[in-house]
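Given the structure of chain A, go ahead and fit chain B onto it with the hints provided.
These are the residues of each chain, in order.
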Amino acid sequence: MLLLADDLNSFDAAVALLAVHCAISLNDAVQIAVTGKRSKYENHSQTLADLRRVCGDNRVDSKGISHLAWLLTNKTAISYGDKRFTYAMLARDKAERFQAWAYSGFRRVLRA
Amino acid sequence: MHKNILTEAQLEARGMNAVADLLARRLIVPKVFFDAAWPSKLCRVDVLAVDRAGAGDIHAVEVKFGIAAARDFVPRLMQVSAHYKYLAILNPGSRRLQEHALYPKDGLGRIGVILFEESEQDRLIARIDIAPERFRVGPDVIRQIDRFTAKQHADIEIRV
Numbered sequence: 000m001l002l003l004a005d006d007l008n009s010f011d012a013a014v015a016l017l018a019v020h021c022a023i024s025l026n027d028a029v030q031i032a033v034t035g036k037r038s039k040y041e042n043h044s045q046t047l048a049d050l051r052r053v054c055g056d057n058r059v060d061s062k063g064i065s066h067l068a069w070l071l072t073n074k075t076a077i078s079y080g081d082k083r084f085t086y087a088m089l090a091r092d093k094a095e096r097f098q099a100w101a102y103s104g105f106r107r108v109l110r111a
Numbered sequence: 000m001h002k003n004i005l006t007e008a009q010l011e012a013r014g015m016n017a018v019a020d021l022l023a024r025r026l027i028v029p030k031v032f033f034d035a036a037w038p039s040k041l042c043r044v045d046v047l048a049v050d051r052a053g054a055g056d057i058h059a060v061e062v063k064f065g066i067a068a069a070r071d072f073v074p075r076l077m078q079v080s081a082h083y084k085y086l087a088i089l090n091p092g093s094r095r096l097q098e099h100a101l102y103p104k105d106g107l108g109r110i111g112v113i114l115f116e117e118s119e120q121d122r123l124i125a126r127i128d129i130a131p132e133r134f135r136v137g138p139d140v141i142r143q144i145d146r147f148t149a150k151q152h153a154d155i156e157i158r159v
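Same order as they appear, the protein sequences are chains A and B.
Take 0 as the starting number for the first sequence in numbering that gives the first Met the number 0 and just add one per residue.
Take 0 as the starting number for the second sequence in numbering that gives the first Met the number 0 and just add one per residue.
Bound-form chain A, shown alone (with noise of 0.2 angstroms):
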């Protein structure tokens, strides 16, 4: 995803994309790592409210769903729409702050 947002005039919509996928892969670790399964919804609210239950249940700060949700909000937008998505930036901001707030929330099971 970073090494294409060099060029963000020729790979906006890769961008989106990865920004997308990254941070699903990356909800779903977070799920498996502390509950052993991952949401299997494919409605994403009901996703969502399974990482709510997760901080919750983990005493973690769940202030950085909200850029999960933001993605997924847009997931259909940037993977099926007919139009040019035009904040590939965002959503790679999106995904960024979705890592920094798992890993650091999560540190002890994402430990590389």
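It should be emphasised that the hints constitute simulated quantities derived from the structure, not laboratory data.
A portion of the hints provided could be inaccurate.
Each computed EDC-like pair below joins lysine to aspartate or glutamate, with the alpha-carbon atoms no more than 20 angstroms apart [claimed, not checked]: (1) A:K74 <-> A:E41; (2) B:K150 <-> A:E41; (3) B:K104 <-> B:D121; (4) A:K62 <-> B:E132.
Some, not all, of what chain B presents toward chain A, calculated at C-beta under 8 angstroms [stated by the list, open to error]: (5) R24; (6) R51; (7) A52; (8) I66; (9) A67; (10) A68; (11) I155; (12) I157; (13) V159.
The structure displayed is predicted, hence computed values, not measured ones.
Ideal Cβ positions, reconstructed from N, Cα and C, are used throughout, including at glycine.
For chain B alone, coordinates are given in the frame of chain A:
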């Protein structure tokens, strides 16, 4: 033109910024600390980066002016607690560090070498010349870096 009158300290400071930029692009949401008191107040590391917002590997970089200063610093860098260690060399001239000197006498790891080049826009760009190899770090160091990142303000980080 002004670059000719910069002191070694100014050039090294410029190098630290370029190194931080390199690490920020290679790592995942790292926390970067300049002139970090790591692993104790008695030691300073020019650029310390902790991958994955503090949850990942520790990268320590020393910026040196000239190949001789870099070579002389190798034994001290070997003692620094970090998974990845680098010497970033400004103005290396035509000589290179002997690669075998970058390996510890025993155990895992290799010190990486970073060199610099000027872009056409007068930007100093750091690039990896010799890739680092991972050193072994004990669990006590992990606990120590957790305390460090919790306590110290990072100079560069992605804010939530």
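Tested hints:
As the CA atoms of K74 (chain A) and E41 (chain A) are separated by approximately 12 angstroms, the hinted pair is consistent with the 20 angstroms bound. About 40 angstroms separates the Cα atoms of K150 (chain B) and E41 (chain A), which puts this hinted pair outside 20 angstroms; it is violated. Note on K104 (chain B) and D121 (chain B): the hinted pairing is violated, with a Cα-Cα distance of about 40 angstroms set against a maximum of 20 angstroms. Restraint check for K62 (chain A) and E132 (chain B): the C-alpha separation of about 36 angstroms exceeds 20 angstroms, so the hint is violated.
Using the Cβ-Cβ criterion of 8 angstroms, the hint placing R24 (chain B) at the interface with chain A is satisfied: the shortest such distance is roughly 6 angstroms. A distance limit of 8 angstroms between C-beta atoms decides the matter here; for R51 (chain B) the minimum to chain A is near 4 angstroms, and the interface restraint holds. Annotation: A52 (chain B) was flagged as interfacial toward chain A, and the flag holds, the nearest CB pair being 4 angstroms apart, inside 8 angstroms. Checking I66 (chain B) against chain A by beta carbon gives a least distance of about 31 angstroms; that is not within 8 angstroms, so the hint is violated.
Here the hint on A67 (chain B) is broken, as its CB sits about 35 angstroms from the closest CB of chain A, past 8 angstroms. Annotation: interface hint on A68 (chain B) violated; nearest CB of chain A at approximately 32 angstroms, more than 8 angstroms. About 12 angstroms separates the beta-carbon of I155 (chain B) from the nearest beta-carbon of chain A, more than 8 angstroms, and the hint is not met. The interface hint given for I157 (chain B) holds, since its Cβ lies 4 angstroms from the closest Cβ of chain A, which is under the 8 angstroms cut-off.
A least Cβ separation of about 4 angstroms between V159 (chain B) and chain A falls short of the 8 angstroms threshold, and the interface hint therefore holds.
Hints 2, 3, 4, 8, 9, 10 and 11 from the earlier list are contradicted by this structure; the remaining hints agree with it.
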